[in-house]
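Given the coordinates of chain H, assemble chain C onto it according to the supplied hints.
There are 2 protein chains.
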Amino acid sequence: MVQSRSRVVIIGAGFAGLEAAKHLGGHGLDVVVIDRRNHHLFQPLLYQVATAGLSPGEIAMPVRAILRDRPDTTVLMADIKGIDTAKRRVLLDHEETVSYDYLILATGATHSYFDHPEWEPLAPGLKSLEDATEIRRRILLAFERAERSKDEAERQALLTFVLIGGGPTGIELAGAIAELARYSLVRDFNHINPRLAKIRLIEAGPRLLGSFAPSAANMAMKSLTRLGVQVTLNKRVTDITAFGVTMSDGEFLAAHTVIWAAGVKPSPLAKDLSAALDRSGRVIVAPDLSVPGHPEIFVCGDLAAVVWRGEQMVPEMAPGAIQEGRGAARNLLRRIKGKPTVPFRYQHKGSMATIGRASAVVELGRLSFDGFSAWTVWLVVHIFYLIGFQNRLLVITQWAWSYFTFQRGARLITGRSDHPEAK
Amino acid sequence: MVQSRSRVVIIGAGFAGLEAAKHLGGHGLDVVVIDRRNHHLFQPLLYQVATAGLSPGEIAMPVRAILRDRPDTTVLMADIKGIDTAKRRVLLDHEETVSYDYLILATGATHSYFDHPEWEPLAPGLKSLEDATEIRRRILLAFERAERSKDEAERQALLTFVLIGGGPTGIELAGAIAELARYSLVRDFNHINPRLAKIRLIEAGPRLLGSFAPSAANMAMKSLTRLGVQVTLNKRVTDITAFGVTMSDGEFLAAHTVIWAAGVKPSPLAKDLSAALDRSGRVIVAPDLSVPGHPEIFVCGDLAAVVWRGEQMVPEMAPGAIQEGRGAARNLLRRIKGKPTVPFRYQHKGSMATIGRASAVVELGRLSFDGFSAWTVWLVVHIFYLIGFQNRLLVITQWAWSYFTFQRGARLITGRSDHPEAK
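Residue numbers (this note's numbering), protein chains in the order written: chain H, 420 to 842; chain C, 420 to 842.
The following block holds chain H by itself, in its conformation from the complex (with noise of 0.2 angstroms):
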């Protein structure tokens, strides 16, 4: 008798996806991992790519060949059109069918631009490679405009950086602009004065990093204040146009750069799970990371509302879906071979972020400290957790070289805009 090997179909090759295709390769099962890209992304350096401190190489690597030396695993890159559950199988495009005995569904997050759909070409958001070249290319270009410009107030709106959110990504595209403006372009033009740049963050709740503790929030606003960016709390932007943002009290704001880090949603895939959703739309799993009612399909990632300490979740970063990618495929595993699941318990390692050249928050339980100490330690464990041995190699290399010149490498302004003129 032969019997046919369990294919696991995995949707999205995000850290969650890739750690559970990493753990189910090797058991007699019929693996393939399906991405819309051809690369896995390095999310936490994408605010380096977007200020110019490293090249989208340094921090992407192709799924294949990180799934490379695997031979029951196959890399399909293809678009999702859909997931029926009834018939065990998922829809790509070219009308391409996949059929499944279990799925993994780790699609991750988009921007949300809550009801302005409108906002996204004014405050582009930074989430693929596109994103960061593309925020990249707004910022540079509106210093060479105002170099160019013969109008005071022109110049300073192109002079203007608005960061929409108090996030990670928003302190930490906050900070690295405001060292791009006062370090890496000081003497490179002769009508400005880059130095004068102004960056405004904005975050409608009452503190930067709401989900970092409070005294990690007060570092991060103390270290911002001190590279001149200004932090404006408890506003919400209520208006976006190609001349500026508006604020909830009316103040205007006027500037020719802005930048989304304020909201993501769920991959929309979500809803043909026909599972219960939370309010922001991420999948309400069971305890083993499993859909109630579908015990063949797991979420994980950014997709999944996990329950850590009572009503707080998962936070939405790289620790926490890679251990979810993780505790799915030995629920798989242990499905598969009959045994019951287990509940997943998310072990919290802590929460850091960057601030400029060599500054960073980092909250490791109850201990929360700033400042090199910090940025060491920062920058020691995303370079350890970065794929591949050349990505590590390149990204040091850049770093030493801008840690010593104050020097940014990838400078380069790329690509047709989608930004919609003024004029």
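The set of hints was computed from the structure by calculation and includes no laboratory data.
Which copy is meant is left open, because identical chains are indistinguishable; a pair holds if it fits in one copy or across any two.
Mimicking DSBU-like on lysine-lysine, the simulated pairs with C-alpha atoms at most 30 angstroms apart in a straight line are:
{"hint": "1", "residue 1": "K641", "residue 2": "K768"}
{"hint": "2", "residue 1": "K617", "residue 2": "K569"}
{"hint": "3", "residue 1": "K569", "residue 2": "K506"}
{"hint": "4", "residue 1": "K569", "residue 2": "K441"}
{"hint": "5", "residue 1": "K500", "residue 2": "K569"}
In this text the structure is predicted, and so the values were computed from the model without any measurement.
Structure of chain C alone, referenced to chain H:
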């Protein structure tokens, strides 16, 4: 009496323009360098970006950063709309003008599809970073699609890569694609064998590398054949569609990826000089590189038709452009000082082209050689000339990695394609 400084405007920050700018600094002039890009591109390595060996940031450097320490030099990023030689001014976008006392025109060349502009989206050429990432995208995507294809004829077409033009660019691309298929990608796929990819190089003339010695051309032919590239000589391409290429003898090659390396034409700004142009549209300059009738205008680089050894022209490669840029700057300085200008003399130091991983052909004087020693010479010369210490460091790191592991680090599919899909 206040004597205002003479203004020299240099258009184009390629090899010629940049070299001129370096020689004109520090002479009490007001030097303005205008380019529509913010970066200088190290064109000889562009084929490496197109074939995923290097990242864009590793072969490009911001013009401002290169010219930063020159207080008398201004860099402008602007599109040039025209040149008004009567009023001695350059017309920029946004209706700006810049007046000049002296002008150096070094805007180079762009792709020429002869009388077939409709071929451009079907067979991109390789001149800019965007061209390179688009070609990289097409090559990598062809393998991804072949992996998914269930139709044998379609798979064959997806795995056929046609290079049109047997000059250095066509040869270097053919060699690099052959390597990518035979070494870097070979273990990445489950359904296709990348080794079976067909790489076809089509040259209309009777031999490869028309501008090199015949012995070097023979060596290139042998090296390419060893890598599995099929070279077709004496056939022109008469039609290109989304399905493939038709040759002058009626043969049709079904191919999804077609790359144009057959011809360039000078920048259209040449026409604004109302100077005599040669058959291919280049400005016929006086022996001192100035424009006959306009002693205040110099032309250098690929835009200038410069005679060398009787009927032969200076080859359109970096060393010629650099020497012409220097020559134009020196004659401009002589003219300002009231000294007679001197005829430009091109020093031919040799020609070289790489063919794959560790092989090249090098022509030095009467000497031609190939293989590993040629590749070593090629590597040293290229890394030596690569502008910026950091770039060199990164490129050496990348190369060492690729050499010892056969891996190519920049295998990213990014951006939206302009490829007219067959279906």
